[in-house]
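Participant: Top to bottom, those sequences are chains U and X. Residue numbers are given in the numbering used here: position 152 of the first sequence equals residue 152, and the series is strictly consecutive. Take the position in the second sequence, starting the count at 1, then add 1000; the result is the number in the numbering used here.
Any given hint could be a false lead.
[What the hints assert, rightly or not] List time: in silico DSSO-like cross-link candidates among lysine-lysine, alpha-carbon distance up to 27 Å:
1) X/K1109 <-> U/K186
2) U/K186 <-> X/K1033
3) U/K186 <-> X/K1187
4) X/K1072 <-> X/K1187
[What the hints assert, rightly or not] Every beta carbon over 12 Å from chain U, so not counted as near; a handful from chain X, in silico:
5) F1013
6) D1077
7) D1160
8) T1170
9) E1180
10) S1234
[Claimed, not checked] The calculated label-pair distances, taken between Cβ atoms and stated as ranges, are:
11) X/P1014 <-> U/T183: 19 to 27 Å
12) X/V1029 <-> U/A281: 47 to 55 Å
13) U/G153 <-> X/S1111: 52 to 60 Å
Simulated from the structure, these hints should not be mistaken for lab results. Each residue gets a CB set at the ideal place from its N, CA and C atoms; glycine is no exception.
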Amino acid sequence: MVASAQSERSAGNVSSAAGPSIRAEPSRLASLIQYAAFPVAVLAVWQICSEVGFVRHNVLPAPSEVLAVWYDLVTGTTDAAARYSGTWLDHAWASTWRVFAGFAWGVALGISLGLVIGLSRVMERVFDPTIQVLRNIPVTAWVPLSLVFFGIGNAPAVFLIGLGAFFPAAINTTHGVRQINVTLYKCAQMMGANERELLTRVILPAAMPSILTGVRLSMGIAWVLVVVAEILAVRSGLGYLLNDAYLFYRNDVVIAAMLSIGLLGFCSDRLVVLFRDYILAWNTKETFGGQD
Amino acid sequence: MARIDIRTVDKSFPTGSGSVVALTDINFVIRDKELITLVGASGCGKSTLLNLIAGFETPTSGQLLVDGAPIKGPGPDRGVVFQQTALFPWLSVEDNIAFGLRLNANKNKGSPEAVTQRMLERTGLLPFRSRRPAELSGGMRQRAAIASVLAINPSTLLMDEPFGALDSLTRSIMQDFLLEIWEEERKTVVLVTHDIDEAIYLADRTVVMTAHPGRVREVIDVDLPRPRRYEMRSDPRFIALRDHVTGIVRNETIKGTAMAAPAWTPELVQAAART
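Work out the full structure, taking the sequences as your base and the hints as a guide.
Facilitator: The structure is reproduced here in structure tokens:
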């Protein structure tokens, strides 16, 4: 979020409504240092601790060893990852596929139901209490039932991920619809907009900032749940790799799998943010956006 | 044509305990192509009356007619300019102006592109056509809002304190802008304001309202010549009208606050002395 706000500010015209900051833009080098300083420091301390021998290598392998194992996981050339050598792409693809399948149905249903509830007090009374109660059940608590219902395989995984993605999308959509500026709604009504036009030309665009906040949270939850689902319900994916490597005491592979999940989750989040910044370019001038 | 008949209209709003009477026994006619202003202290129900004409509210009793037909709800024949500028923040100025014309209800009102072009020229917003509302000044924003309402060519223009949020210089420029538009297009205009100068300067007739409950105190013919110019505000006839209206509004406001304030009992005086 910070990254996107900064790049927008430096790319666009900032003269008129650039917000409360009066300081100059940081230079390219300065902002690169700001981005890199913390992660580099963490890696350095970790590597040093490992070299000095504070922790045993099979408990916490050094970043350099993790990198070597990760390389073999992906390419299958050095055999550093032994039985997992060269399997990364299959696992990564399996996880990504499940995340997006679950995310797609959860978010689609969440936005639709969120709109219905947001638009109608009657529908709120019909659906909202159920949603509010179900929302408080951790999605992991659905694991036993979903295994009984769907068996072992992709179905329970996609079910769990979608269920987790559903709630933030639904709740933020309802909130987005409810906080629409009533003057805009009345204005469109006065101009003769019919129900469909009110929905597509006023309500959806006006609720979009909130809807996309929900979608972003849904994406984050999807990556959490794919690991849970893969540990318990399927025999592929980065979650499965992580659990299997744990059973074989390969913490280097565990860490490589963890970082892979983090990286793919980060890339998915960037996709959502890119989409949001594209759709909501109008919103940057309306909101605070943070100081430089 | 747009003649508006307001017949024995009452409006009350339900509250926790009973209801509050916002308007009572409102009776007057707004003639076709007349510029009428509603003026009064806050709480006199002038905005409620405008909302009734717009169709956002329905009267508790009585009737509101446009050309003889009862008002059933908001519609593009009665364009509303809101105090809080109603521009869609995600649309550019030109897309905001074209918004109404792109609706199914207005598809026979001419090409959105051509009308928008004319409105942009007329309002001086041509250089700012692709700006977003957040990138405009307050005056330009209200100009764009007026243009977006004029684009759908309503027979009546309802304006709820349209210049209330502007500084006084911009406000007086916008008043002249409104008069120019009105002299060209000759629509029925109903404008709500608490600014007495504005009410008289613009109006053919001004309706002076008083509060608790809101009622029409007096309907004043403003027989100042048109076209009106800024200098007219120092004309003795203008000043006489202004003093007259100010007298009514002030008197009623003072009466209202005197009634609302608690009587100063000895206990209250003592309590005040202690704090």
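Participant: Now tell me if each hint is right for this structure.
Facilitator: Do the hints match the structure? See the list:
1. X/K1109 <-> U/K186: Given that 27 Å is the threshold and the Cα spacing comes to 21 Å, the pair holds.
2. U/K186 <-> X/K1033: holds (24 Å)
3. U/K186 <-> X/K1187: Holds: U/K186 and X/K1187 sit about 21 Å apart, inside 27 Å.
4. X/K1072 <-> X/K1187: holds (21 Å)
5. F1013: For X/F1013, whose nearest Cβ neighbour in chain U is about 16 Å away, the distance exceeds 12 Å, so it holds.
6. D1077: violated (9 Å)
7. D1160: violated (10 Å)
8. T1170: holds (18 Å)
9. E1180: holds (23 Å)
10. S1234: Holds: least Cβ distance 36 Å, greater than 12 Å.
11. X/P1014 <-> U/T183: 19 to 27 Å: holds (23 Å)
12. X/V1029 <-> U/A281: 47 to 55 Å: Holds: the Cβ-Cβ distance is about 49 Å, inside 47 to 55 Å.
13. U/G153 <-> X/S1111: 52 to 60 Å: Check passed, 57 Å falls within 52 to 60 Å.
When held up to the earlier numbered hints, the structure conflicts with 6, 7 and fits the remainder.
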